[in-house]
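Colleague: One-letter residues, chain by chain:
2 protein chains.
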Amino acid sequence: MFPSHSRLPVPADPADHTECIVVREILDRVGDKWSVLVIALLGQRSQRFNELRRQIDGISQRMLTLTLRQLERDGLVLRTVHATVPPRVDYALTPLGESALEPLNGLIGWAAEHGTDIAEARLRYEEAQADAAAG
Amino acid sequence: MFPSHSRLPVPADPADHTECIVVREILDRVGDKWSVLVIALLGQRSQRFNELRRQIDGISQRMLTLTLRQLERDGLVLRTVHATVPPRVDYALTPLGESALEPLNGLIGWAAEHGTDIAEARLRYEEAQADAAAG
DNA sequence: CTGCATCCTCGTCGATACTG
DNA sequence: CAGTATCGACGAGGATGCAG
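Sequence order for the protein chains is H and B. According to the working numbering, numbering within the first sequence proceeds without interruption in unit steps and concludes at 203. According to the working numbering, numbering within the second sequence proceeds without interruption in unit steps and concludes at 203.
The set of hints was computed from the structure by calculation and includes no laboratory data. Just so it is clear, the structure is predicted and the values come from calculations on it, not from any experiment. We put the CB at the ideal spot given by N, CA and C, even for glycine. Check each hint, because a few of them may be wrong.
[As the list claims (entries may be wrong)] Here are a few chain H residues that sit away from chain B, every Cβ distance over 10 Å (derived from the structure):
# : residue
1 : V90
2 : A151
3 : A189
[To be verified] Rough simulated footprint, nothing fancy, chain H against chain B, three-plus residues with beta-carbon under 8 Å:
# : region
4 : 112-120
5 : 145-159
6 : 186-195
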C-alpha cells in the first residue's frame with residue numbers, strides 16, 4: 069500500500085489518501101505472479117479451471133485457486149458452479165473485469181514495445197559496472 | 069516471470085515466448101512496493117534523494133536506494149552525481165521512463181475510478197461467505 | 001474435476017549500524 | 001547528504017496429500 073501521507077499524481081483529487089491506498093492494492097494485484105495472465109486469458113473467453121491450468125504452464129493448483137478466489141472477491145471474475153458429475157466450474161470476466169483489460173493491455177503493450185530498450189539498458193549498466201570495477 | 073509456454077494476448081506475435089518473460093518482469097516492477105510511486109514523483113520533476121525520501125512517507129533508505137538502482141538499471145531513471153560538498157545526487161526520468169507514464173497513468177486512473185466498485189465487491193463477497201457459513 | 005490444508009523454502013523488505 | 005552492510009521477520013508461493 070502507499071503510505072497514507074504520500075501522493076500519487078492521479079488526475080482525481082490528490083489530497084484523498086484513501087485513493088492512494090486503493091491504487092496501491094490494485095497495483096499489487098497487477099504485480100502478483102498470475103493475476104494479469106489469468107485476466108488476459110479470461111478476456112479471450114470464459115474457461116474452466118483445468119482449462120486455465122493447462123494453458124498456464126507452471127502454475128500450481130493452489131496458486132490458480134488462490135488467484136481466482138482473489139479476482140472473484142474483487143469482483144473481476146465470476147465463478148459459476150455447475151452441479152454436474154464430475155463437477156464443472158466456469159470462470160468468466162465480469163464487466164468490471166473486462167474494463168480492466170484496456171489499461172492492462174496498455175501496460176502490456178508498453179512492456180512489449182520497450183522490452184528491448186530495457187534489456188539494452190541493463191546491458192549498458194552491467195558494462196558500466198564492470199568498467200568501474202576494472203578501472 | 070511468465071512461464072515460457074504460456075501466452076499473453078498481446079497484439080504482437082503471441083508465439084514469441086521471450087516477450088512473455090519480458091512482460092512479466094515489467095509487471096513485477098509495477099507490483100513492487102515503491103517503483104510506480106517513484107516514477108510518478110519523478111514524472112512531476114527531477115528530484116534529489118532525500119527530497120524523494122521525504123515525500124514517500126514510510127520508505128526506508130535502503131528501499132529507496134534499491135528502487136532507484138533498479139529503475140536506473142532498467143534505463144527508466146537517470147542518476148546524476150554532482151561532485152559538491154555535501155554530495156548531491158539528482159534523479160530524473162529518462163525518455164524511456166517518461167514513456168512509461170502514460171500506460172501507468174492509465175492503470176492508475178482505472179484503479180482510482182473503479183476502487184469503490186472493488187471495495188463493494190469485497191463487501192458482497194464477505195457477506196456471501198458469512199451467509200454460507202451461517203446457513 | 002475442483003479445491004482445501006499442511007509443510008517448507010526462499011526472496012523481499014525493514015531496522016540498524018557504519019562509511020565517503 | 002547519500003549511500004553500503006548485515007541481520008531478522010514475514011509472506012508468497014511450490015509440493016504434497018486429502019476431500020467433496
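Colleague: If a hint holds in the structure, say so; if it does not, say that too.
Modeller: Hint check:
With a minimum CB-CB distance of about 4 Å to chain B, V90/H fails to clear the 10 Å threshold, and the non-interface call is violated. Every CB of chain B lies more than 10 Å from the CB of A151/H, the least distance being 16 Å, so the non-interface label holds. With a least beta-carbon separation of about 3 Å from chain B, A189/H fails to lie farther than 10 Å from that chain, contradicting its non-interface assignment. With 1 residues having a beta carbon nearer than 8 Å to a beta carbon of chain H, the region 112-120 of chain B misses the requirement of three or more and the stated coverage is violated.
Only when three residues or more bring their CB closer than 8 Å to a CB of chain H does the claim for the region 145-159 of chain B stand; here the count is 0, and the claim is violated. Under a criterion of three residues with beta carbons nearer than 8 Å to beta carbons of chain H, the stated coverage of the region 186-195 of chain B is upheld, 7 such residues being counted.
When each numbered hint is compared with the structure, violations occur for hints 1, 3, 4, 5.
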